[in-house]
Amino acid sequence: MAWTAPMTAVANAIFTAAQFNTHVRDNLLETAPAKASTAGGYFVSTGTNSISERTASVAGVAASETTTSTSFTNLATTGPTVTLNTGTSALILITSNLSNNTNAAYAIVGVDISGATTLAPADADSLSFRQPVAPGTEQNPQHTWSRLFTGLTAGSNTFQLKYRVTAGTGTFNRRYLTVIPF
Amino acid sequence: MAWTAPMTAVANTAFTAAQFNTHVRDNLLETAPAKATTEGSYFIGDGTNSIVERSWDFDFVEATASTSSTSFTDLGGSSGPTVTVTTGPRALVFLTANLFSQTTNGTAVMGFEVTGASSIAASDNNALAFESGDSAFITISQASVCVPLDNLTPGVNTFTSKYRGVASPPSGTCVFRRRRITVLPY
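Order-wise, the sequence lines are chains A and B.
Quick note: the first sequence uses this note's numbering, first residue 1, plus one each step.
Quick note: the second sequence uses this note's numbering, first residue 1, plus one each step.
Looking at chain A on its own, in the form it has when it is part of the complex:
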């Protein structure tokens, strides 16, 4: 059923069953309580007079793993990965502890999107850290990168972290992916 602009009742006019079903029953079925199904869910607009329940999701991989790949790839433990329903936008947060054993080399964590949408990871949309100083004295910050992605294809989308370096060996642990869909 869809929303119908509520009728204006007129004094002394009969209120029919059909009117009740359209203007009361079906409209109530379009409201948030009728659509609420998941604790922690929230409601977004899917267009004029239409709402949908969305649920945020987070996934994590604690393991410390490495790569020497200069193109985006999986680590020994794939992910983390999140699959959920989105509209055309979603807020993505990438968190990781990351380092590289080679001076002036980057460790990079990007996000791959598949399902209704296809979008490959990119350096411009990644958490990254350029290693200073000599090998053996690596810094390993633990921080987050975020972006509100727009232009998604509405539907079921899968978000998965991918990793690469510009040189040397990158080490990544405490990796978390949070997706807040709209």
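Calculated directly from the structure, the hints in this document are not laboratory data.
A virtual CB, placed ideally from N, CA and C, is assigned to each residue, including glycine.
Any given hint could be a false lead.
Listed below are several chain B residues computed to face chain A (Cβ distance under 10 Å; list not exhaustive) [to be verified]: (1) Ala18; (2) Leu28; (3) Ala34; (4) Thr38; (5) Ser41; (6) Ser55; (7) Phe60; (8) Thr64; (9) Phe130; (10) Ser141; (11) Arg178; (12) Arg180.
One-sided excerpt, in silico: chain B residues whose CB lies under 7 Å from chain A [unchecked claim]: (13) Trp3; (14) Thr4; (15) Ala5; (16) Ala9; (17) Ala14; (18) Phe94.
Start from chain A and add chain B according to the hints.
The following block gives chain B in isolation, referenced to the frame of chain A:
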């Protein structure tokens, strides 16, 4: 129209057109589907028995720009990014950038100011900051910070990114690119 606490029907009492209009029509017009206009927006309590539709917004500047200013400023030839949204008293502000200082132990800082209905100056307390290492081995971070605000004046507010280098230790030239500001109003 405003929300009215739904009436309690009484057996054998006529249900009038006026009652229908107040307790059914007007109350339905206060619900989320009645107020939904923009895909991707969301619904926020606006006070007792009142909700409002809010929409996020963001702005992005790819260009590399720099400053040696130790007080918050615009970047030369590349101001912003800037976002203008309607807010209540709260908002989540996300700042994202690729940033570094060219000076040993210098710190590059990206903050923001709020103008319009509110007046909030840029502050290190509400900023993304990164301390670079040795100038011979420059450390670069591409990361974000999330700043929750609960002191906005409701209405149309403009959020503008501002930049500086920390004065002590000296930060010299601080470089910023892929600069993004995202605002989720509440």
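Against the earlier hints, flag every one the structure doesn't satisfy and list their numbers going up.
-> 8, 13, 14, 15, 16, 17
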